[in-house]
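Model the full structure from these sequences, guided by the hints.
2 protein chains.
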Amino acid sequence: MNTYQIDFEPTGKSGKCKGNQSLLDCAHQVGVGIVNICGGHGRCNCCKVQILEGAVSEPTASELKIFSSQEVKKGWRLACQTYPEGDAKLLVPPESMTTMQRLQVEGFEIAVTPDSLVRSYNVCLPAPSMSDLQADVERILGGLNNKRIHCNNIDIEVLKNISHLLRSWDWKAKVFVRGSEVVAIGPQSNRQLGLAVDLGSTKIAAYLIDLESGETLAARGAMNPQFAYGDDIITRLSFVLEKRRGGKLMQKLVIDELNRLLVALCTEVDAQPDEVVEAVIVGNTAMHHLLLKLSVAQLAYAPYIPVVKAALDIKARDLGLAIAPGAYVHILPNIAGFVGADHVAMLLSTKTIWQKEDLALAIDIGTNSEVSLISNGEISTLSCASGPAFEGAEIKDGMRATSGAIERLSISNDAIDYLTIDEAKPAGICGSGILDAVAQLRLAGVVDKSGRMLSNHPRVRNNKGQREFVIVGEGEKNGLPAITITQRDVRAIQLAKGAVRSGVQVLLAAQNRSSEEIKRVIIAGAFGSYIDVSSAMTIGMLPSLPLNRFEQVGNAAGTGAKLALVSRSKVAEAQQIASEVHYTELAAVSDYAKILIEAATIDEY
Amino acid sequence: MNTYQIDFEPTGKSGKCKGNQSLLDCAHQVGVGIVNICGGHGRCNCCKVQILEGAVSEPTASELKIFSSQEVKKGWRLACQTYPEGDAKLLVPPESMTTMQRLQVEGFEIAVTPDSLVRSYNVCLPAPSMSDLQADVERILGGLNNKRIHCNNIDIEVLKNISHLLRSWDWKAKVFVRGSEVVAIGPQSNRQLGLAVDLGSTKIAAYLIDLESGETLAARGAMNPQFAYGDDIITRLSFVLEKRRGGKLMQKLVIDELNRLLVALCTEVDAQPDEVVEAVIVGNTAMHHLLLKLSVAQLAYAPYIPVVKAALDIKARDLGLAIAPGAYVHILPNIAGFVGADHVAMLLSTKTIWQKEDLALAIDIGTNSEVSLISNGEISTLSCASGPAFEGAEIKDGMRATSGAIERLSISNDAIDYLTIDEAKPAGICGSGILDAVAQLRLAGVVDKSGRMLSNHPRVRNNKGQREFVIVGEGEKNGLPAITITQRDVRAIQLAKGAVRSGVQVLLAAQNRSSEEIKRVIIAGAFGSYIDVSSAMTIGMLPSLPLNRFEQVGNAAGTGAKLALVSRSKVAEAQQIASEVHYTELAAVSDYAKILIEAATIDEY
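Those protein sequence lines, which keep their order, are chains A and B. Per this note's numbering, the very first residue in the first sequence carries number 1; after that it's consecutive. Per this note's numbering, the very first residue in the second sequence carries number 1; after that it's consecutive.
Heads up, some of the hints might be wrong.
Where chains are identical, the list cannot tell them apart; a pair therefore holds if satisfied intra-copy or between any two copies.
[Said to hold, decoys possible] Distance condition first, Cα-Cα at most 30 Å in a straight line; then the derived DSS-like pairs of lysine-lysine: (1) K248 x K315; (2) K243 x K293; (3) K73 x K356; (4) K293 x K172; (5) K147 x K16.
The set of hints was computed from the structure by calculation and includes no laboratory data. It should be emphasised that the depicted structure is a prediction, and the values quoted were computed from it without experimental measurement.
Right, here's the structure in full:
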């Protein structure tokens, strides 16, 4: 099989590709993130690339369907359907790049003394002889024992190769120990690597960590491929409940993606996946159950019971995760059916912030939003169904936070200013933009307290019986459809922000505290990191407080996963947080309807 | 798919068979042991059966090759190649039946208080509600905690089904706990079953045990299918070292056979394989390594280093054993490269016999023989290469202990009396018969002390330059070939018995004891159970002692496996035995050649 050199523009990365590998596979190998939801089957049409130079395979029937003959002539192809037939150079347009999708691998870093659950020890062992007939395993355990490390167990997968390896390394080895078990061995030159994963329902963030230094060696994001089977959790759970083997498929999709990320991360730092000797994964309770292929029937309906809340240690091979075969995956604990390990991880990583205050609020806003109120170290938590509006869904011109989305917006009289992601031509409006828009409309008096859109502004028009506010008119876009905010969009935001705020109010009421007493508001997650906090206050989604009390912490769940990976005391801390949380089920709060209606008002309070 | 009634004669057993199941599969299901070495691929021609009544599929090409047209007409078929097309009755001839092969499932029984590593507890749990949101796992662990059983771990495979099952059982369950881990759950009506296996290089003995009562519910034997790749261990190890995937194949053969035995045992007592919540397997070190797919390169050559000697607890699923998926397989410890867990199990089960004596000998005779001398509770052990002569191999008219083999023999003047297995027509001579023959020839003065065959008996003749003693002449067998004992056969037995006896002498010398001091000789294993101890003394294989000091204990290794399965204190005892044994490597004994030559003398001493 011939091997070719493939250059990926504009990233500047390049690598070798075999003739039987698709350009998509090659891109993943090289570490160029090309979007791929269907698993490389030419169905999702996400992986469009343009061949700039070089010979490749002929277009397939499915490609000829989606590209015009003009586009085909210009070299447009699906990367998953295209195989090189010589060296080639290709262009990955922004919309095909996962890195453009704000994958939120960035979190804040916390200094922690590295002390992973897995420790490594270098041993130099005597070779066996007629006068020293010790078995290989007893030889290793004896070598550890000399260092006062008492192990009594070697994983069966380690056992299978140990004899050959010890001899090939001339009886010098690095032994990786977890508890009293040897989970991996390597040559003494091996690093001690770990994988931390924040498994979101939309996005997956993965980090390759040096467990000895605690350093993040590489970080990557990818779409959660389950997305193709439902962009919200309920749709995915229904899919699993309705389809035979649905659960198996959901698990496979995620594991395959994790393995791809693993390979890409390792390639970046010139390591092998089996050098990774520990993994930590956090996700919401539904992602957790789908990852482990646990039953979801009891999770999908009231009273929303998880199979398990406790932290789990599972052999990587039992999940199909291709790290060292004897290694464990540590799964942080859940709190409840709709408050998962990702929230625990967020609370873990932000503890240094909230533990200093007598009253702090930590929220992660998404389709389901988790809200924690921490009052003198006591954590009360609930989950509220804020719906998909913040993700741009169910909004007329809503879109995800990708290239061309309006993410910031201001209105002064009839002048509109906006900012798009990548400064591309406006294609729609994403969550943070919608939030701004509603706030600005409220300030401009176009939307009243009750959420009604008035007809007092030249940009308000009637469209099929519904009022809408024109942000980008047809004329401004060379005849392309306009981008507007409709009355219905305002109602969707009202519901979403009302859900979040009502959660805050329920927790405050239970503690007999008022919102003004909150010293610190921690906002985590993809959406929360990009919103304008002032806008969120203007519409009453967040309590009205001095701006310096807010902290937008990025992917704090990912940071929490990294902390647990690097430090066993953080693992214990996470378990303590999860076990101490006081969980409130909103459905059981007696006057919740009243609180929700108040919270839906579009007004600062 | 239609289902048919199949009757198996002469066993009288019958059962249901689907049209897509071969008669071999059906036989295994019903518990009729039909020999099958090739795994049902029509290659080994072991599973010959005769269709007596009923419609079956047409003969395949491979069947037409091995059966004459006359035989085909009479209904002769390979069970693995034949599918029913209606109710049928068939005859399984003795040579096709595994049970005819003296599979040595019989051992002696020892009363032991049942106290398995796995314990079961019945729990009745409250159903979840809006006011009781505990996760399913925490609910179970809480239920156990109420009984003062503190578990902190549930196997991932148990987790996968637990939610559905608990609800279908209305929150009443039997929980199986090993250490601090839940390894299985079942309805409260479930029994607590265990599987004990003696994995011999020739034969496999398997026992289904009720762990609560300690009772053996069913026992079955089968040939070790690895046999097709070498009847001795060295050939099998060479196969693994020379063939790519050889190790994988060896493992698969054994695991598949164990799974077949498991299904057959369970069928006998109307249980499901996943009701089996623990297994114990013992075997020699090579069988142990092939079972676990461990490296054998370092085991096959001096200094014969095992990968591991310590006892192991391995998840059944990691071996592919189809018992409860969260259950463990406990593997008893090895002693050395050629003294395995089967010898430990034998020492464990015979401890009640040897521990009473100040000097006892425990031996297991086979292709490799293990010899232990126990002097005031201190065990010294070695292994000697006695070769395959006792198994009937490398003997001109030798055969395994199956139907038609001469197993007992006496010579008085020129009259010969013999006994064949099943009282069938003599087809050859098996190990115990050869032993008798050499002893009788020695007593009759036909063979001298040095092993030379004299020409002083009318039945001694010269055949192609070699002397041989005619046991069954051509005339006595209607013109079929004669059965004789040749000079070369006597030499083979001399070597084999010399190896065993030299081992005994080396151990005695090391302890400064003489053979007359031995109070008890325990003889274990298939061959040892059937030999005439007097004959073994006559040729000097065993020390000359009063007959009442000998005890033939049958499959003591199998009994040891059962004990470890039923009792955790026996597991600990086995570990203690293995760790305390003083192992002697014969190759390192300085005057071994001298001892071996003395031991090869055919004389009582």
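Structure-based check of each hint:
no.: 1; hint: K248 x K315; verdict: both (18 Å within a copy, 22 Å between copies)
no.: 2; hint: K243 x K293; verdict: within (14 Å within a copy, 37 Å between copies)
no.: 3; hint: K73 x K356; verdict: neither (62 Å within a copy, 92 Å between copies)
no.: 4; hint: K293 x K172; verdict: between (40 Å within a copy, 23 Å between copies)
no.: 5; hint: K147 x K16; verdict: neither (44 Å within a copy, 61 Å between copies)
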